[in-house]
Structures are given as C-alpha cells and as structure tokens.
Amino acid sequence: AIVAQAQAMCRAHGFRSIKLKGGTLDPEVEVASVRALRRAFGADVPLRLDPNAVWSVDTAIRWGHALEGALEYYEDPTRGQDGMARVRRALQLPLATNMCTTSFQDLPGSVRLGSEDIILADHHYWGGLRASVELGRICRTFGRGLSMHSNSHVGVSLAAMTHLAAAMPNLTY
217 AIVAQAQAMC RAHGFRSIKL KGGTLDPEVE VASVRALRRA FGADVPLRLD PNAVWSVDTA
277 IRWGHALEGA LEYYEDPTRG QDGMARVRRA LQLPLATNMC TTSFQDLPGS VRLGSEDIIL
337 ADHHYWGGLR ASVELGRICR TFGRGLSMHS NSHVGVSLAA MTHLAAAMPN LTY
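Quick note: the sequence shown uses my numbering, first residue 217, plus one each step.
FYI, nobody ran anything at the bench for these hints, they're computed from the structure.
Listed next, the in silico SDA-like pairs over lysine to any residue satisfying Cα-Cα at most 20 Å (straight line):
no., residue 1, residue 2
1, Lys-237, His-365
2, Lys-237, Pro-310
3, Lys-237, Cys-226
4, Lys-237, Val-270
5, Lys-237, Met-315
6, Lys-235, His-281
7, Lys-235, Ser-249
8, Lys-237, Val-219
9, Lys-235, Val-270
10, Lys-235, Ala-269
11, Lys-237, Ala-248
12, Lys-237, Ala-269
13, Lys-235, Leu-287
14, Lys-237, Val-261
15, Lys-235, Ala-220
16, Lys-237, Ala-282
17, Lys-235, Thr-388
18, Lys-237, Arg-278
19, Lys-235, Ala-248
20, Lys-237, Ala-256
21, Lys-235, Arg-254
22, Lys-235, Ile-218
23, Lys-235, Asn-268
24, Lys-235, Ala-259
25, Lys-237, Ser-363
26, Lys-235, Gly-258
27, Lys-237, Met-364
28, Lys-237, Leu-253
29, Lys-235, Pro-310
30, Lys-237, Met-225
31, Lys-235, Asn-367
32, Lys-235, Gln-308
33, Lys-235, Ala-286
34, Lys-235, Asp-338
35, Lys-235, Val-370
36, Lys-235, Ser-363
Computed beta-carbon distance windows for the label pairs:
no., residue 1, residue 2, range
37, Asp-260, Ala-220, 11 to 21 Å
38, Glu-284, Val-245, 11 to 21 Å
39, Met-225, Asn-386, 24 to 34 Å
40, Ile-218, Ser-366, 11 to 21 Å
Fair warning: this is a prediction, and the values are worked out from it, not measured in the lab. Just so it is clear, CB atoms sit at the ideal spot from N, CA and C, and this is done for glycine as well.
My request is simple: use the sequences and hints to build the entire structure.
Written as structure tokens, this is what we have:
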C-alpha cells in the first residue's frame, strides 16, 4: 500500500524523493516498507525515514544497520543530541534532525557531539529568514548538510520557504 501510494503521488505531483513518516508501526514493518520503496523506485530516488524520535537508541541502531545503503538520510530516529550522537557513531548512515538541534543555542552541543549530519531548517523555529540564512552559513562552516523542514505547505509560508531556498546556496537536500 505504501508503494502504491508513493507511486501515485510521484506521478500526480512530480515528487523526486520520498520520506516515510514512521514511528507508528513496528520498526520491522517500517523498514520493510522502505525496502519495498527502494525495490519499486530504484537507486535514483532518494528515500528518507523519520521515526519521529520515538525509537530507543538500541532500536534506532539495530534498524539503522538494516537501512544502510537504502536511505539518503535517517531523520530523528531517537531523542536528544546524546542519543542521536550514539546512533551516529554506530552507523554509516547520515542522520538529519529537526527535533534535537532546533536553535542556535543547540549548535555548540551538536558540533561537539556530532549528533547529526544534516539540519532541517525551519524559518518558523529558527527565528525567520535572515536567521535561517545564518544557520546555512554555520552549517557550511561545520560541514553540515542543510535541508528544509516542511510543516507549512501553503500560502505565505511556502513563498517564504521558496525565497529562503534561493538565498541558501548550500541547501543540498
């Protein structure tokens, strides 16, 4: 069902990457879903899994190993910078966050611990457009990837995201 839904959405809307929002089913089912998406879409379509920080560190590591080579990135598999750093050290899989590093005050810990590879910027939470551009500069300085967290898909918010994307040359995801 996940594959059929993803195929229909990609056909109808032209999506070129797929994110499975997880953390609700058994991890085995969610990992099987990612594998089914990989088989259906091939290696050229980036896949992402976001368990919404509900998995324990051990669960995130166990299933992260099963997903190595299948995901573009693994988003917030567990809670907090310490937990994310433990997962990051155990896997050969980029980690992304919009939950454990969410402010400029969080960045020193993020850099010190190496808790993620990619920060999902959200101009609503990072202090607006100029602050988000500054986040992009900091990510570039510390070798972090940058993507956008999308929770507002219409109107002025989407227009702001579009302008922000144009102003962030290192928005690579």
